[in-house]
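*Asks:* As given, the protein sequences belong to chains R, A, U and E, one line each in that order. For the first sequence, UniProt numbering assigns the number 1 to the initial residue and increments by one for each residue that follows. For the second sequence, UniProt numbering assigns the number 1 to the initial residue and increments by one for each residue that follows. For the third sequence, UniProt numbering assigns the number 1 to the initial residue and increments by one for each residue that follows. For the fourth sequence, UniProt numbering assigns the number 1 to the initial residue and increments by one for each residue that follows.
Just so you know, these hints were derived from the structure itself, not from any lab. Hints are not guaranteed to be accurate.
[To be verified] Pair ranges (Cβ atoms, derived): (1) 407/R x 36/E: 32 to 40 Å; (2) 36/E x 43/U: 19 to 27 Å; (3) 40/R x 33/A: 52 to 60 Å; (4) 150/R x 299/U: 48 to 56 Å.
All C-beta atoms in this analysis are idealised placements derived from N, C-alpha and C, irrespective of residue type, glycine included.
Each chain, letter by letter, is given below.
4 protein chains.
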Amino acid sequence: MGFEPSARAQDLIGRVEEFIRTEIEPVEAQLHAATRAAADPWQPQPLFKELQAKARAQGLWNLFLPPAEPGNEQYGEGLPNLDYAPIAELTGRSFIAPYVFNCNAPDTGNMEVLLRYGNDEQKEQWLKPLLDATIRSAFCMTEPGVASSDATNMVATAIVEGDEVVLNGRKWWSTGVGNPECELLIFMGLTDPEAHRYARHTMVLVPIDTPGVKVERLLPAMGRYDEPFGHGEVSVTDVRVPASNILVGPGRAVEIAQGRLGPGRVHHCMRLIGLAEKSLELALQRGTSRHAFGKPLVNLGGNRERIADARIAINQARLLVLQTAYLLDTVGLQGALSEVSQIKVVAPRMAQDVIDMAIQLHGGGGLSDDYPLAAAWTTARALRLADGPDEVHRGVVARIELASYLAERKEESK
Amino acid sequence: MGFEPSARAQDLIGRVEEFIRTEIEPVEAQLHAATRAAADPWQPQPLFKELQAKARAQGLWNLFLPPAEPGNEQYGEGLPNLDYAPIAELTGRSFIAPYVFNCNAPDTGNMEVLLRYGNDEQKEQWLKPLLDATIRSAFCMTEPGVASSDATNMVATAIVEGDEVVLNGRKWWSTGVGNPECELLIFMGLTDPEAHRYARHTMVLVPIDTPGVKVERLLPAMGRYDEPFGHGEVSVTDVRVPASNILVGPGRAVEIAQGRLGPGRVHHCMRLIGLAEKSLELALQRGTSRHAFGKPLVNLGGNRERIADARIAINQARLLVLQTAYLLDTVGLQGALSEVSQIKVVAPRMAQDVIDMAIQLHGGGGLSDDYPLAAAWTTARALRLADGPDEVHRGVVARIELASYLAERKEESK
Amino acid sequence: MGFEPSARAQDLIGRVEEFIRTEIEPVEAQLHAATRAAADPWQPQPLFKELQAKARAQGLWNLFLPPAEPGNEQYGEGLPNLDYAPIAELTGRSFIAPYVFNCNAPDTGNMEVLLRYGNDEQKEQWLKPLLDATIRSAFCMTEPGVASSDATNMVATAIVEGDEVVLNGRKWWSTGVGNPECELLIFMGLTDPEAHRYARHTMVLVPIDTPGVKVERLLPAMGRYDEPFGHGEVSVTDVRVPASNILVGPGRAVEIAQGRLGPGRVHHCMRLIGLAEKSLELALQRGTSRHAFGKPLVNLGGNRERIADARIAINQARLLVLQTAYLLDTVGLQGALSEVSQIKVVAPRMAQDVIDMAIQLHGGGGLSDDYPLAAAWTTARALRLADGPDEVHRGVVARIELASYLAERKEESK
Amino acid sequence: MGFEPSARAQDLIGRVEEFIRTEIEPVEAQLHAATRAAADPWQPQPLFKELQAKARAQGLWNLFLPPAEPGNEQYGEGLPNLDYAPIAELTGRSFIAPYVFNCNAPDTGNMEVLLRYGNDEQKEQWLKPLLDATIRSAFCMTEPGVASSDATNMVATAIVEGDEVVLNGRKWWSTGVGNPECELLIFMGLTDPEAHRYARHTMVLVPIDTPGVKVERLLPAMGRYDEPFGHGEVSVTDVRVPASNILVGPGRAVEIAQGRLGPGRVHHCMRLIGLAEKSLELALQRGTSRHAFGKPLVNLGGNRERIADARIAINQARLLVLQTAYLLDTVGLQGALSEVSQIKVVAPRMAQDVIDMAIQLHGGGGLSDDYPLAAAWTTARALRLADGPDEVHRGVVARIELASYLAERKEESK
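So that you can see chain R by itself, here it is in the shape it has in the complex (with noise of 0.2 Å):
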């Protein structure tokens, strides 16, 4: 790989991958199994917290975090873009291993926004006990009434008067409400329509008992609730916090999104390549292991070419997200705005793709629960519309295409 991780990385990608293997994989199958028989599935199993207690007393614990910055040391040390990439994919062949090293979405993008645009109280009231996984959080942007593809069309309310802030809207697809334990929203606002288009909205933090929040329903995705991590649709209405809960200062939502995007796709996508060679593996055992018209699966028709094609796949995209990752580290987000769209473009389609044909290799198998494969298809496939469609993001791909165009021919013609 061309892409070294660096030797502190290497050794800590081996003892993930050690935990994930001896302590994750002999119990998911069971705690999936006893989330859905409990009485109520959004209350997590007490074997999280054990699962959590052993990460983190082996330092496998916020491993996301950005390398330490002047003034936010005491909030622990993480690693940057590249040597994170590879334990990011190691933790997207499990569906909860993200949350056993507190590395899950969306508190690891809240973290990083508190530790970035927080302020001293901020940072001890809520970012402390988010990275010791004592609360939960959630980030309140999407809106069912308006394309939310475009973060400027928020029409929810957050308007400043005297020393509090008033909210008022309706959010959906806030992922981490069912989820008991989550205190904290973190709430984007409309506050002054006439400003600049960038500067209209407001990023308020959000304690989820106030007075006027409501979590109205829990929202199936592709027919999956994901308890107890899953997705609602809440309302705000007259919601008062004090103006003490801005995050910088009013008009500022839109920056803060943006410096949420980068580091963020870059998790979602390695976590998604992670699973995609999950269901290879999957695929690889059902082919060689089951047997129709005297051959093994993967000696039928197209099977072989398909497994091609999907090791193919999955490299490529692991290369562009590795890629990516190192612009990141190296140029940062502005020096990385189409590659951070290109991603979101492929690796959702990329593993959709390659669980579908590990499905199909399963027969019914593949459709049924037996298999962490169908519930892997509607991760891959929500995230094709989560942070904006593939058309959006092909859309920046093309403009920054475009417009680097134009600047070169101008730069010839001078």
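Place chains A, U and E on chain R using the hints.
*Replies:* Below, chains A, U and E without anything else, positioned relative to chain R:
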């Protein structure tokens, strides 16, 4: 349309369309909600029976039946495949319409089997109540332990002992067994492993309350149980029924399963075309009413091209299915074997792609159950495996193509 | 086949098939070789005339003509589109068959134009010799300087001055101008830029030897000149012809171009289907006779699945084109506008893919001219642009789909 | 870019780019025109030698060579694969640049073969003039009569008789034999059919003027002869050369062919990436400058999405090829066998698709030779077969994937 339905069919098509529009569409969403909210979602809502009664009163009942044959006139008269096809398409636009008109799988296939292969006693006992929809049935062929795309692989046993037949084994994806009204299983078991590959298995009528029959569990397909019509895993342990419950005779199961094939696939595929039309309609609705970046969605990026591709794909699929129906009506299954496999490759994939496009246009809403798209997707996806995976059907098409090519060459070289 | 040709057509189909098999296929390769070896490859080989004479003697001549209309009976009687379609398919299996039967583009379209829009003098002067194949013709619409997919864009001029019309401009992809027998150009020029978009252009009959007409160069399509029937770039500079050479009247060109559309596309698409059938046949021949890794090629990897996909794609395309022919015959062009664009999207792409697959099975031989595949590919590729690129036709299909959806909505809301 | 070239390479890359921009691009079109217009298009235009002299004077010469090895220092020092890759990409933007820098296939591969496997006399006689570009060479492996994707299939013979070796057989797609400067054939023949599959064939150096060598014909690839560098069919009849012309020893041909593989594929694939970049640039140029329906083409329909998909596909392909180059440099061919096949599947198909998109945007012009796109397409298409069809490479990737999976399973089960 070049495949014109008869005048009788055109009248029925108009009335079915009207019934769906006025009686089913207005109540379908609430019916699904009631099912989900019910203490026992597997108990069909009373509304079903009401709708069935209305449909029957209007003569919109058992339309799937083939034209009456000598000796079978008393069981009602249906339509040629080409005439029934557009009706099947219409019912495919709704998840419940097939049940309302008593035209749902697997009962339709089971009724055909009884009609064609049942003796008078068997028809009296089982076909009549099925035609009256007072009972429901399941078809127990697919097994979890073997590649079931090859029907001759089945290992569950049906041993004739004197005037009894003894059944043992495990079946899954037995659609309908979750429904409390399900009273009959048509069970395929291995009787004589030494016989010719196509003469080893026997088809047996098994009352579901026979001792030894156990519905082990209900199976989710891509996360959905499809209550109250869903799929189950069924074990039969030393189940004894009279040998008179055998259809036709021992060793005749493959022949019977074959006869079930052609029309059943035409029905499935036409329903998928209806589902795709419905999804395209939803895409148009969303695409023209929701705006982003200052335009209706349909005018963004490649959305219009996707709409065009969907229209073209639907039209091409419909024509191929109608052509297959026409061949079944004119030259019979043996003259349509390739086409019957071709449509199984084409229709589910086409529907899945059209639905996926419509989901993408709906954003997060498309993933939720606020629209029928997520459930539609599951239907199409499952049908890429049900009744043989795409890959097996491609193999059949290639085999026939090669045989026909080689036969022609031989002919020429004479 | 559900779209049955008439008895008369079936007889013709059988005789055309026989003629191609016995008269054309045995000599086609040597005819191409003779053309390539000739000092002037643009001079048609004498064999053409001999074959034409034989075909004509057998009544296999001008079969493309529409059924005789009142007043036009003397120009011969053709077939409805649905009857001619299978004949067009057969001729598409050979590069020269269309010429042998006097059924080749663009002469067919030009003859239709003269038949429908020519006055008696114009018919006498040009249509008769075209029907007799004593002269050839070209259609001069597409221009190098403008996006010609929109016919109203053309900037070459046709100015009426007294009883003359004066032409200026440059056209390209004028098929047939390289052939020394080409005597007539049908030229489209801008007459009144102020008129309604559809009434600006005029269609003029221009003898190729009129002073000012110059064939600037012959154009290779993907490296091939397609001698002796290829394409040219033509300049017209102050060309003057009598105003009586105008078809119908000034400003009627778009209407005339439209009328040329429907049947022409059906012909092109059916020929492509014949070409795809021929290519699939070659793929089967190669796949069953050549061995690698110890097996016939057809049994390696995904080759059988590709054969199946080719069969399915051909069948679906054929049904769509036949359906379009049927609509043209029954409801006319206005009722088939979407279908006429749909087949232009489907057939060339399908043929290109099938041919590509066949080339791949032929290895290096497939790239060479030892097989007709490389040339076939060029034909299919060029037709993805000729007569409007795929993307424009998708746009037409989408526009009609949206209009129809919105009209229905309006109807419903009344 | 995560795969950073060395400082030395960066300097060379800059100078190669400058040379192409200032010396090659301004004259390339006229050079092609001169070749086409020449009485003998197979005679290279004098401009080639002038450009070569300039390039050599600037040290832009034989850059494809691997780093000098002990004993081979006198033959010049090249670059590691990862350093040469971006240079190969740049040369791929032009059809003649590879020749100008003496970096064109098949001479590069032949020079590598001589460098690695030639003895001192062989190097002196053939390698030196090849490095000086005073002669050219061809590689004679592929045969018309057998599936040549499996090198062990070759049936042409190389029989050792005393101190001579006698050659018989027929080869085709021998690139370069049409060029009058071609003096050397590297010929692969069957020596001992009884030996192990990989030890049957022998590689022999054959002066092209040896009696019995005949260039039977030159072959068009998709209609193009690619003068003056094109491909031929060569017969050898009782050709006798001294046994000292054998490379390494009898039976070593497969080993030698293998060693030629890795870098050669990286070169081909990087050139294809350059070709795709060039084509995307042309697409952007056309898409922004040509208007239809009132908009620049790039803003019509799905064109922007296609631009984005092209950018993403190019980036993914480049990363995979660079990763392969990196593996060849660090772990060698044996550790990169799957990747070396992966890039052969990915790069030609990717380039073909990007070029096809660019052609489509150019309308009829894209089919003509007014743009380099039609010729570029042929290059990419031919490379889907040259050096093994895609399907064979997919088979290799699948085989390695399965072997690796099964090895891991075995490891685990210990």
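*Asks:* Need the list of violated hint numbers for this structure, in ascending order.
*Replies:* Of the numbered hints given earlier, the structure breaks just one, which is hint 3.
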